[in-house]
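Using our numbering, the first residue of the sequence shown is number 1, and each one after it goes up by one.
I should point out that these hints are in silico values taken from the structure, not numbers from a laboratory.
Misleading hints may appear alongside valid ones.
[Stated by the list, open to error] Cβ-Cβ distance ranges computed for the label pairs, FRET-style:
hint : residue 1 : residue 2 : range
1    : ASP21     : ILE83     : 18 to 28 Å
2    : ASP12     : LEU76     : 27 to 37 Å
3    : ASP89     : MET1      : 10 to 20 Å
4    : THR2      : LEU44     : 40 to 50 Å
5    : THR43     : VAL87     : 21 to 31 Å
6    : ARG29     : ALA67     : 14 to 24 Å
7    : ARG78     : PHE3      : 21 to 31 Å
8    : ASP12     : SER72     : 31 to 41 Å
9    : ALA94     : ARG58     : 18 to 28 Å
10   : ALA47     : ALA94     : 17 to 27 Å
11   : CYS93     : THR45     : 38 to 48 Å
12   : ARG26     : ALA47     : 21 to 31 Å
13   : PRO18     : ILE83     : 20 to 30 Å
Values in this document were obtained by computation on a predicted structure and should not be read as measured data.
Even glycine gets a Cβ: it sits at the ideal position worked out from N, Cα and C.
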Amino acid sequence: MTFIEPGLSVRDGFAEGPLVDAALSRAARAAQLLDDLQEQAPTLTDAQLRDGVHRALRRYTQGHPPAGQVDSYTALIRRGVRIDWPVPDRLPCA
1 MTFIEPGLSV
11 RDGFAEGPLV
21 DAALSRAARA
31 AQLLDDLQEQ
41 APTLTDAQLR
51 DGVHRALRRY
61 TQGHPPAGQV
71 DSYTALIRRG
81 VRIDWPVPDR
91 LPCA
């Protein structure tokens, strides 16, 4: 096992620790929010959809996502393109 910093280590090519658990939890929540938005998209205004995408990405990044990314995801969802956000059980390290 290699310790990177408190709360983060690598074992057998996978990151471990509470920091990894938090990142995977944020990714799973963002994926769920995007799934919900895609189901509700036909009933949402463009502004509501964009706001929802912004909140989902902000949940994951814990900061302001790039406006271009928000606009791109919003346009894809509006056109009916399914955005899959797979979340692994473990976080591989390069």
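**Message:** Given a hint of 14 to 24 Å, does the C-beta separation of ARG29 and ALA67 actually sit inside it?
**Reply:** 21 Å, holds
**Message:** Can you tell me whether the CB distance of ARG26 to ALA47 sits inside 21 to 31 Å?
**Reply:** 25 Å, holds
**THR45 and CYS93 - C-beta distance against the hinted 38 to 48 Å** = 42 Å, holds
**Item:** Range hint compliance [Cβ, ALA94 to ARG58, 18 to 28 Å]
**Value:** 26 Å, holds
**Prompt:** Does the hinted range 27 to 37 Å hold for ASP12 and LEU76 at CB?
**Reply:** At 36 Å between Cβs, range holds.
**Prompt:** Within 20 to 30 Å or not, the Cβ separation of PRO18 and ILE83?
**Reply:** Holds, since PRO18 and ILE83 (Cβ atoms, about 28 Å apart) stay within the stated range.
**Prompt:** Is it true that the C-beta distance of ASP21 to ILE83 lies inside 18 to 28 Å, as the hint says?
**Reply:** At 24 Å between Cβs, range holds.
**Asked** So the hint says 21 to 31 Å: do the beta-carbon atoms of ARG78 and PHE3 match that?
**Response** 45 Å, violated
**Asked** ASP12 and SER72, beta-carbon distance inside 31 to 41 Å?
**Response** 36 Å Cβ-Cβ, so the 31 to 41 Å window holds.
**Prompt:** When you take the CB atoms of THR43 and VAL87, is the distance between them in 21 to 31 Å?
**Reply:** 26 Å, holds
**Satisfaction of the hinted span 17 to 27 Å by the C-beta atoms belonging to ALA47 and ALA94** = The hinted range 17 to 27 Å is violated for ALA47 and ALA94, with Cβ atoms some 39 Å apart.
**Item:** Range hint compliance [Cβ, THR2 to LEU44, 40 to 50 Å]
**Value:** 45 Å, holds
Hint violations for this structure: numbers 7 and 10, all remaining hints satisfied.
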